[in-house]
Every structure is written in C-alpha cells, then in structure tokens.
Amino acid sequence: MRTFSILSWLAISLFFLTTSPHIEVVQAKGEPCQGGYSDRFCLTGKVENCRKYSLADLQQYPTSSQITVSYYSGKEGLVTKTYIGVPLMDLLNDAVIITDPTRKNDRLRKYVVVRATDCYEVVLSLAELVSDFGHQQVLVAFATGDGQPLDDKEGMARLIVPGDKSGGRSVSNISMIKVRSAP
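Quick note on numbering: the sequence shown equals residues 3 to 185 in the numbering used here.
For the record, the hints were derived by calculation from the structure and aren't laboratory data. We put the CB at the ideal spot given by N, CA and C, even for glycine. Each hint should be verified, as a subset may be incorrect.
Stated by the list, open to error - Restraint ranges, calculated between C-beta atoms of paired labels, are given here: (1) Pro103 with Pro34: 18 to 24 angstroms; (2) Gly149 with Pro103: 40 to 46 angstroms; (3) Gly149 with Lys106: 21 to 27 angstroms; (4) Tyr74 with Thr104: 41 to 47 angstroms.
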C-alpha cells in the first residue's frame, strides 16, 4: 500500500511540475551549452551576496572537508572516490540566503539548482542541506583525496552528494549554483 502511495505522489507531482504555468524552463540568453572545462562558477539567485568562485577561492576557503563516496555510474559501474572540497552549505551561508520572515518556514521553500557547462542541471532542496533537517554533507569538490586538482573531465569543481546510490547529482564542470524559491 505504501509503494502505491509513493508512486501516486510522484506521478501527481510530475504532472503538476510539467503543466504548471509557474514553472519556467528556459536557457539564459547567450549562455552556451557546449560543455567543456569550467574554471569558475557563480553563486547567485535568492542570496544577498552573489559571488564568482575560482579554484584559488575554493582552495583558500576557511573550511574544507574530505569525503569518500560510492555510487553507480552508467559508464563505470560501482565507483568509489575520495574528494576534498568546501561544504555547499558553507558557501550558501556566506552568500546569505534571502528569506521572507512573514512566511512560515520560508527557507524550506528554497532549493538549489546546480548547472554544468553543458547545461545539465540538478536540484537539491535547502531542507536536505540545513543542519536541523537533512544535514546532508554535500560538497563542492575541487581536489581528489590525495590533494590533486580534479581532471579536465570533472572541471575545476564538481558537486558530490554522499548517500546517493547513483552519481546523477554529482555534477561535474559546475558553471552556476543558483538559489531559487518555490512559488
């Protein structure tokens, strides 16, 4: 019975997401989706402090973490790798997410879109990241576990989402991290 309820919820959610007039799916004007190496990304959206990050910025960040993840890749099978990077929540805290104090739990309406240079995008809810809800230790990785820079295929920075069984949300060649708000 529970499986049916979850599947029903997913189907209804997908229907409303794809038919809602409030959902905007556009590519920014002039933004190429050619892929390739990213040497910086911008953190923007519903934040007070928009900022561009380079490899040097991430390497000099006051907090960095090391994490080992295992996930299934469609091309490589089971992958286990260790990465060094900055917790995504630290970058978001420094950017200062804008919330509406008149809306109950407004921060729970926020989500983060991470885009690659080829315009591949994934979404994380802010609730997954904040310490009093999911507290997922998502990392913006800039080096391998032995301290070497990521290879050209991964770009200057990539998203690492521990706990995911598949690597689909581990975006390589990050070009943008954008905080948005649900309607």
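Hint check:
no. : hint                                   : result
1   : Pro103 with Pro34: 18 to 24 angstroms  : 39 angstroms, violated
2   : Gly149 with Pro103: 40 to 46 angstroms : 42 angstroms, holds
3   : Gly149 with Lys106: 21 to 27 angstroms : 44 angstroms, violated
4   : Tyr74 with Thr104: 41 to 47 angstroms  : 44 angstroms, holds
Checked against the numbered hints given earlier, this structure breaks hints 1, 3; the rest are met.
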